[in-house]
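**Student:** Protein chains in written order, with the numbering used here: chain Z, 1 to 197; chain Y, 1001 to 1162.
Treat the hints as calculated values from the structure; they're not laboratory data. Please note that a few of the clues may not be correct.
[Unchecked claim] Taking lysine-lysine and the DSS-like style, the derived pairs with C-alpha atoms no more than 27 Å apart in a straight line are:
1. Z:K72 to Y:K1054
2. Z:K157 to Z:K72
3. Y:K1054 to Z:K17
4. Z:K29 to Y:K1054
5. Z:K2 to Y:K1144
6. Z:K29 to Y:K1034
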Amino acid sequence: MKQGNLRQIVSEKIAGKSLDHHQLAALLKHQPPKPAAKRFTLKQLPALLATLLICLLVAQSLLTTKLSIEEKIGSEVAKNHIKLKPLEIKTSQFEQLQHYFTELDFTPVLSRHINLNRQALIGGRYCSIQGITAAQLRLKDTTTGQLQSLYQTHYDKNVFSGIAGLTEGQQPVTVHVKGLTVDIWVEKGLLFALTKN
Amino acid sequence: MLTEENLQILYRYSYVLTCNEEDAYDLLQCAVEKYLNSSQVASCKLAYIKRIIKNQHTDNYRHDKLLDFDSYDDTIIPLDNELTELEDVIINEDMVETMLLSLSPDEREIIFYWAYEGYTAQQISDTLKQPRGTVLSRLHRIRKRLIARFGPQMDCSLEAAQ
């Protein structure tokens, strides 16, 4: 007969006691099946619609926040251009415009991408791009007669440096927003955006 | 959902309390039914079912007037080395059932946690929600009772030392 310390012998004795197959089956049979998925009822419809609405809002919010900086600028200037707000100064003389914009922390300049022989100056007004005060110059294409808006503001690296390929002297980055073509470029330390139909 | 392993552990626990295989199965079946019918969602189902088994067993034995309630021996001074000394007790395999029957259900429950589950006095105390001193006192009493009853058949290091 096996002999050993109390703990070992008692443990082995207890471990030797087991339910047989019939007993196990009988006990397992008592257990309820996994609960079936609940049926959808009309009472749950408002909750479902509310959930869908929240999901849509969250999705829209996520999509909005994923816009790149050039898309944001393009969207902002295109929106401004479409509104065609009244000009604060009407002039075809660029020097007069320069004298008008006294509240800016930069001096408006003529860009090498603007040809005043083909794009006649009409006037200007104050505006902002991404929260930074800007000058909006309105131009008229002398060939087609279509209006264009030229925005210029101080090039703030913290705000605008995320635009791929946008460095001083490089060719404009083009985005298409609301049916308009928006060219964005950096020149003479300023950020320019030109909206064209 | 209870697994086969869960049921085997619970059956062994029931067996230790009842010292009878048929009674252990009846007790387990009753406890499982109670558990499945209860609306309470237990975070620790095994501990919860063990509690049902223990309560049911206590009720059964109260009803049958078979349960002895031991009074504590005032002379018992719990010592931290009770577990070690209990392990020193040498026993024959064929003495286990007789030994378990000689203990009260509460004592057998402690033996179950100590021998089968491998718990320390503190773990037994936490599981049974009893002071550690009470657990050590019971272990002391178990050892004393075993030596008193099976003394001549048991080889105990303490006795040998004496």
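**Student:** Taking 27 Å as the top limit, are the C-alpha atoms of Z:K2 and Y:K1144 close enough?
**Tutor:** 23 Å, holds
**Student:** For the pair supplied as a hint, Z:K29 and Y:K1034, is the alpha-carbon distance within the 27 Å limit?
**Tutor:** This hinted pair holds, its Cα atoms lying about 14 Å apart.
**Student:** Could you grab the alpha-carbon distance between Y:K1054 and Z:K17 and see if it respects the 27 Å cut-off?
**Tutor:** Since the Cα atoms of Y:K1054 and Z:K17 sit roughly 18 Å apart, the hinted pair holds (cutoff 27 Å).
**Student:** Given the hinted pair Z:K72 and Y:K1054, is their alpha-carbon gap at most 27 Å?
**Tutor:** The hint is violated at about 70 Å.
**Student:** When you check the alpha-carbon spacing of Z:K157 and Z:K72, does it fall within 27 Å?
**Tutor:** 16 Å, holds
**Student:** Do the alpha carbons of Z:K29 and Y:K1054 lie within 27 Å of each other, as the hint requires?
**Tutor:** Cα-Cα ~23 Å, so holds.
Consistency with the previously given hints fails for number 1 only.
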